[in-house]
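Visitor: Protein chains in written order, with the working numbering: chain A, 4 to 179; chain B, 314 to 676.
Please keep in mind that the hints were generated in silico from the structure rather than gathered at the bench.
In this text, all values refer to a predicted model and were calculated from it rather than measured experimentally.
Virtual Cβ for every residue (Gly too), placed ideally from N, Cα, C.
With a straight-line cut-off of 20 Å between C-alpha atoms, the simulated DMTMM-like cross-links for lysine to aspartate or glutamate are:
1) A:K74 / A:D91
2) A:K100 / A:D68
3) A:K74 / A:E92
4) A:K100 / B:E557
5) A:K100 / B:D561
6) A:K74 / B:D569
7) A:K100 / A:E72
8) A:K100 / A:E29
9) A:K74 / A:E124
10) A:K74 / A:D102
11) A:K74 / A:E131
12) A:K100 / B:D569
13) A:K100 / B:D444
14) A:K100 / A:E37
Partial list, derived from the structure: chain A residues whose beta carbon lies under 8 Å from chain B:
15) Y28
16) Q59
17) R101
18) W151
19) L161
20) L165
21) W169
The lines below spell out each chain.
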Amino acid sequence: MKRTIAAAVTTAALLVGTAPAALAYEPVNVVHTETVQAGPYRVVVGFSTWPVRAMQSLDFTFAPDGGLEGKSGYLTVVPAAAPDVAWDEPLARHPRKRDVWGLDIRAMPVAGDYTFGFHLEGPQGPGEGTLTGLEVLAQPGPPMGLSWALSTLPLIGLVAFLAIAWRRHRNRTATR
Amino acid sequence: MDHDVPTTREIRALPPAAALLTGGLLTLIGLTWDVQWHTDVGPDTFFTLPHLFLYAGSAVSGLASLTAVLMTTAARRAGRPTDPAVGGAPVGVFGRVFTAPLGYLVAGCGAASFLLYGLWDQWWHGLYGFDAVIDSPPHIGLLTSVMATLVGTVVVFAAAVDQRWGRIGAIVSLAVLAAFSTITVVAFETISRPVNAVHVAMAGLMVLIVATGAAFTRFGGVLVAAALAVVQAVSWWFSPWAAEVYADAVGLPLRDYVDGVPVMPALMPMVLIPAALLVHPLLTARARWAPALAGAVAGALVAGLQVVQNSIVYDFPTPAVSRLLPTALAGAVLGLLAGHAGTRLGGALRHAKGFPTDESEAS
Numbered sequence: 004m005k006r007t008i009a010a011a012v013t014t015a016a017l018l019v020g021t022a023p024a025a026l027a028y029e030p031v032n033v034v035h036t037e038t039v040q041a042g043p044y045r046v047v048v049g050f051s052t053w054p055v056r057a058m059q060s061l062d063f064t065f066a067p068d069g070g071l072e073g074k075s076g077y078l079t080v081v082p083a084a085a086p087d088v089a090w091d092e093p094l095a096r097h098p099r100k101r102d103v104w105g106l107d108i109r110a111m112p113v114a115g116d117y118t119f120g121f122h123l124e125g126p127q128g129p130g131e132g133t134l135t136g137l138e139v140l141a142q143p144g145p146p147m148g149l150s151w152a153l154s155t156l157p158l159i160g161l162v163a164f165l166a167i168a169w170r171r172h173r174n175r176t177a178t179r
Numbered sequence: 314m315d316h317d318v319p320t321t322r323e324i325r326a327l328p329p330a331a332a333l334l335t336g337g338l339l340t341l342i343g344l345t346w347d348v349q350w351h352t353d354v355g356p357d358t359f360f361t362l363p364h365l366f367l368y369a370g371s372a373v374s375g376l377a378s379l380t381a382v383l384m385t386t387a388a389r390r391a392g393r394p395t396d397p398a399v400g401g402a403p404v405g406v407f408g409r410v411f412t413a414p415l416g417y418l419v420a421g422c423g424a425a426s427f428l429l430y431g432l433w434d435q436w437w438h439g440l441y442g443f444d445a446v447i448d449s450p451p452h453i454g455l456l457t458s459v460m461a462t463l464v465g466t467v468v469v470f471a472a473a474v475d476q477r478w479g480r481i482g483a484i485v486s487l488a489v490l491a492a493f494s495t496i497t498v499v500a501f502e503t504i505s506r507p508v509n510a511v512h513v514a515m516a517g518l519m520v521l522i523v524a525t526g527a528a529f530t531r532f533g534g535v536l537v538a539a540a541l542a543v544v545q546a547v548s549w550w551f552s553p554w555a556a557e558v559y560a561d562a563v564g565l566p567l568r569d570y571v572d573g574v575p576v577m578p579a580l581m582p583m584v585l586i587p588a589a590l591l592v593h594p595l596l597t598a599r600a601r602w603a604p605a606l607a608g609a610v611a612g613a614l615v616a617g618l619q620v621v622q623n624s625i626v627y628d629f630p631t632p633a634v635s636r637l638l639p640t641a642l643a644g645a646v647l648g649l650l651a652g653h654a655g656t657r658l659g660g661a662l663r664h665a666k667g668f669p670t671d672e673s674e675a676s
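Construct all of the structure, not just a fragment, from the sequences and the given hints.
Guide: What follows is the structure in C-alpha cells.
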C-alpha cells in the first residue's frame, strides 16, 4: 500500500513538475492582416491562417493603433449564410498575445462571407467600423454526415445494450 | 455451493469495482476541469493536466476491466465456477475464448472505444485545430464511450446488490453517470426553437437515471439525485479553483471577462432532488402507469426549470412562463418514456448477476 501511494505521489509530482515543458503553447503567428477604420481608431485585424476555412480554428488578433490602454469595446460576427448564429462578445486580450485583443483558436462555424463589426470606446470617443466580405471557404475533411455516423457508433452500441438488457429481463420475468 | 471449491470470489469483488469507479471519477474530474480551463484560461494542447486526468481515468477503468475479464477467464478455464457477484453474469466473448462478467465487458468496451475515438480526435484536431468545441463528432464519440464505461460500472456494483457496498456503489455510479451525461446534451445546442432541445434531452437523461435508481433500491431515485448534488457542490468549488491554480502553475493568465461560473456543474439540474422527492411515491407504486406519470412530472420540472436555473446562475432575466411551456411539455413527453424505461432498467439491474439458472446455462 505504501509503495502504491509513493508511486502515485511521484507520478503526480512528475506530471505537475513537467507540465510547463509539456505545455509548449505555440506563439501567435500572424500571416495575413486586414485594416478596419472604426471611427477615430484604426484596427489591424490579424489571422494566423490564411485563407480561413469553416470549422478550422485559428488565432485572430485585433490591434488598435496606440495599444489597448484606455480602450474597450465589443465585436460582432455575422455570417451572411447563417445570420441566426451571429454573435457578439467583448473585445478581450488574446491569452497568448496580451498586448492585443483577439480570439484564440477559434473557428468560424459555416462557410461564406462574414462581417466583423468593431464597436470601440476610447480616449477619442466612440467609434464603429466593419470588416466586410471576409471569405470563409468550405470546411476541409470528410462530410459531416460521415463524421457523425462514425462518432455515434458508441451511442448506438449503448442503446442496443440497454434495449437487449430490457428485453431479456422482460422475457425472464415473464417466464417466472 | 460447495465451499471447498474455490470460485472467482477469490479475486474479491470490491477491489476491481472500486478501481473501475475510481477511473470514472478521474474522468469526471478531468472533464469538469477541462471545460473550466477552456472557459477561464483557454490554450489547449493534447497533454494538458485535465486531459491527462481524462486519459488516466479511462486507462484505469480499462485496465480494471481487462484484469477482471482475464481472471474470470482463467478461473473458467481452470474449471472453477465463476461468481456472478463479481461484475455480473458471465458472458462468452469470441465464442468461449474469453469469459467476461457483463459489467466489466461493457465498461471495457467503453474504455477500448475511448482509445479508438481518442485517435480519431487527435486526427480531427490535426485537421481542424484545437478549437474547444465540446460537441465535435469525435468528442461526442469520446463522451459516449465514457458513458458506456460508467454504465458498465453501474452493472458491476449492481451485481453485488446483496452487499451494502454494491448498493452504495451503484447509486454513486449512477450519479457520476448523470453528472457526466449533462455535457453530452450540449450537442443539441443548435436546436433551441420552439423547444430548448438541450434542456429536454437533459430532462430525459436525468429521469431515466433517477427512475433506474428508484427501481434498483429503496429511495434509490432520491439518493441518486442527492449524490448528484454532492458531485455538483464539490465540482462547483473544484473546477474554477483547479483551472486558476493550474494557470498560475504554468504561467498563463486568466481570460478577460471571466464570470466565475463553474460551467459544467452549472449544467447539472438543481431541481432534481425536489423533483425526485415529489415523484418518489409514484415511481415506486405498483401500478404500471405510475412510473411513466412520475417521469412525465419530473421531466416537465427539469426541462422547464433549467432555464430558470440558468437565469439565476448567469444573471439574466427569467423568460416568461409561456416561453417555458413548450420545453416543459416536451420534457414531460420524453420524461414519460424515460420514467417507464428507467423503471424497467432498474428492475433488470437488480438481476445484473443473472437469474439463478444463468450459471448453469452458461456452464
